[in-house]
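Fit chains B and C to the supplied structure of chain A, relying on the hints for placement.
Residue numbers (this note's numbering), protein chains in the order written: chain A, 1 to 161; chain B, 162 to 243; chain C, 244 to 991.
Simulated from the structure, these hints should not be mistaken for laboratory data.
Bear in mind that the values here come from a model prediction, so they are computed numbers and not experimental data.
Be careful, since some hints might not be right.
Using 16 Å as the maximum straight-line C-alpha spacing, the simulated EDC-like pairs for lysine to aspartate or glutamate come out as follows [unchecked claim]:
| hint | chain 1 | residue 1 | chain 2 | residue 2 |
| --- | --- | --- | --- | --- |
| 1 | C | Lys273 | A | Asp31 |
| 2 | C | Lys657 | B | Glu194 |
| 3 | C | Lys273 | A | Glu78 |
| 4 | C | Lys273 | A | Asp84 |
| 5 | C | Lys657 | B | Asp196 |
| 6 | C | Lys396 | C | Glu335 |
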Amino acid sequence: MSRTHVNCTVNGDEVDFLASDDTSLLDALRDELGLTSVKEGCGTGDCGACSITVDGKLNCSCLMFAPEAEGTSIGTVEGLANGDQLHPLQTTFLEGAALQCGICTPGVLVAAKVLLDENPSPTETEIRYALAGNLCRCTGYDKIIHAVQEAAVTINAGASK
Amino acid sequence: MATVHLQADHARHTNGERELEVGGATVGAVIDELDARFPGLGVFLSDGASVAIDGELQPRGTTYAPVGPEAVLHFLIPITGG
Amino acid sequence: MTAVENPPKKYKYVGTRPVRHDGLEKVTGKARFAADLSLTGQLRGVMVRSPHAHARIKSIDTSAAEAMPGVKSVTTGADFPDIDPAAPIYDESINVIARDEVLYHGHVVAAVAATTLSEARAAAAAVKVEYDVLEPILTIEGALADGATISNKSTRTLFLGQDDETNLASVAPFGRGDVEAGFADADVIVERFFTTKAVHQGYIEPHACVVDVGQDGKASIWASSQGHFAVRSKTADILGWGTDKIKVTPAEIGGGFGGKTTIYLEPIAVKLSQKASRPVKMVMTREEVLRATGPAPAAEIAIKVGAKNDGELTTIQSTMKYSNGSAKGYAAMLGAMSTASYRFPNLDINTMGTVDNTSKSAAYRAPSAPQAAFAVESCIDEIAKTLGMDPIEIRLQNAVVEGDITAMGAPHPKIGFIETMQAIKDSEHYNSPVPEGAGRGFGTGFWFNIGEQSSATVNLNEDGTATVITGSPDIGGSRASMALMAAETLGLDPMRITPIIADTESVGFTDITEGSRATFATGMAVTNACLELIDQMKQRAAMMRGVEADQVEWVDGAAIVDGQDPLTIAEITGQAKQTGGPLTSTASLNAAGAGPSFAAHLADVAVDEETGVVTILRYTAAQDAGTAIHPSYVEGQMQGGSAQGIGWALNEEYIYSDDGVMENASFLDYRMPVASDLPMLETIIVEVPNPSHPYGVRGVGETGIVPPINTLANAIHSATGVRMTDLPMSPPNILKAITLQKASNEQK
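One chain only, chain A, in its complex shape (with noise of 0.2 Å):
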């Protein structure tokens, strides 16, 4: 079967990759690129634990074919430190045992940073409902919910300095 080039940005990598046309971007991110943290919990849309952005929306890498990357730019967990600097969520999340066995995590994280990007200090509901796409079966989400908002204090303590 032929593949298809696909040229984009990863992480703010410029890649490139082969991918057959009934190839999802899922299994090209992690099969092509070796991007693992992204997870097939489903391949239906509906756990989120395979969240990226997609030129900055959050998007499920399993309902998108790996060709419609063309062209975009694509953030996952692994884009997510800053060098050396863990992104504040990964350290509320550490420091709030936000995670047991860590399958959901990166879809978690990568949904929740697009929430405070938008809404940078979001009620306990509307952290909710951002990440109502994640299902997560081990935590409950009481302290993914707290790390959440430790990390919205945080970033808005630094933004205001």
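Frame of chain A, contents of chains B and C only:
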């Protein structure tokens, strides 16, 4: 002789008797004697049960645990988990 | 927050909340789960699954599949040895791949390995299987009906010692006292019939493995599992291989909850890899996970409870029927455990386990307890309300304490049921008014917990840091707890300790992480290894100071000899070569003394009587952890169990067609709680230390899932006056019940 308590289900093999006096210096010996008295019961006690000696639940499968002369044994359904 | 019986804070490290050692890799995406691993030249394996819930296999023709592009190996049940039906591995071996009979929709009949996933899928579709379709049994009632089709011809009734084919896998009665007299004497009697549906553990990571069988016939397996030694032994038993021919490395595991204590993929992947002489990777799709793995059993529970006017619960009689799915299990017998919270002098519990043509049930966090507790705790709630008693008061009055005899016959060890309920009674939630229009419910649950076998090795490095090596896959943060217990024992900062989980060749045998046993039993092994290391270090210190070993004391992580400067661990390890060699210790055990963990939950709910939607306004969970080694992860277990119980209570269920096909096999239709469904889950850790563990640990992983169903049922009753007896308590079901109630009220 140790006093052995069987669960109602094991009693199927013992004509309904649930409390028995059994000799044997270890759990394994007690099971062997019960199996000799009630053929077929042994495998359910060694494979399919946990045992408490004087109220203390034993590690599962330890047939060498010593049984004192006045000990009280309970054979219980195997507790697992998830 | 802690409650009554809180021991004074006497630990330096145990009870603190350090960042877990494996946390960084999980928030940066570097953690490797089984599906993230790949080997050079690997093939992708795909299962061929039965389209029928019950059928005899007449023939399997793999020739077309074998000829397709990229296909390197194919396997069917014929490649697997026959196993004696009396052998413990028998049911799992049949479940992994069918032989002459398929037992549920999705049962594996063959598998294909090819160079790409799409080639493998195309080839799997080309495998031709001829079936003689048989009538499927799909319900408990159907299984027990006179003249019912036999759903699995290998089933014999456990303990009956007879040889007839049957759908009744187990019958186990438990009894004491005189229930007839008890009921004759009772002032209040409640009699109800409860039903629950099959539900899935819902781990977000589908089963996955990568296997490489070399030309020497040795298999290396990387697996997502709760127990890699069990993967080794089950694979060995199913294939008839020696244990030395199989090495299993645990990948990070993305949730298990009991559903990954059995085996599905590895024996097949090994066979495909062996036949192709290439590595094989197999990853289940979500649909496969839902159709063909575990669920927790559906149950039907008839129950009658009698009490006196003063609140004494005197008599309980129940027939508990559980479906095991396609093969026998212990489900029903374990259900009887839920009567062990109260003294009930007169008790008659009959448990029956059935077999049918739905997928083989697997463990799910406190297996069988949530269903039984739904029945028992709902009846107690009704009795309390009838007598005008506070729901906590009636339970405090009847609660078991150390020495009380359980339905299973043995006495309870030291337990904290009363303390845990008292913690809710003292809580801010309980002492705040019920919101306008809402209903408040209280419920409880527990799990006995298990011990079993664990091994641990502790190595001291030249600079005084330590490595703690265990064989317990970390499904909830146990790595951090191992480091904390080692830290406390040695007197060494936990951040200078590296806890790892080693493969089957690098650490001693360790049983599955299940039954809430890791922190308890593996923690014991870790502690014992550390204690032995301290003895070694005292000897080295004695040598370094020129005294006898018995003149050395170990205090706060250092060796003290009278009148001399203390020797720190680093100073001792720095001289290890000079004093005799490396400092390392291994301990192993078959642990006894696992302490039961009781929980009490409180919920405020609002029920929309026009839509049937239940909104949880406030939720508090109290649970006895014995000693909380890492409180954040104890809270995490309580919250996770609560969320799963809430999902089970309010929405989750397997929906089957008449042909036995699951109709809601996706996360869209098998609806688990999302963040917007739940409120904050408040937690109260109660600590009634377990005297059998060096740090007083009680396993906490499972108990949390037991109270939510009954707590919510009781809250819904308080809010609406409707007693729900069938799960799930989903909007259409609540609406139906409210409508029926209104209609019957109008008739009065």
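Determine which of the earlier numbered hints do not hold for this structure and return their numbers in increasing order.
Structure breaks hints 2, 5.
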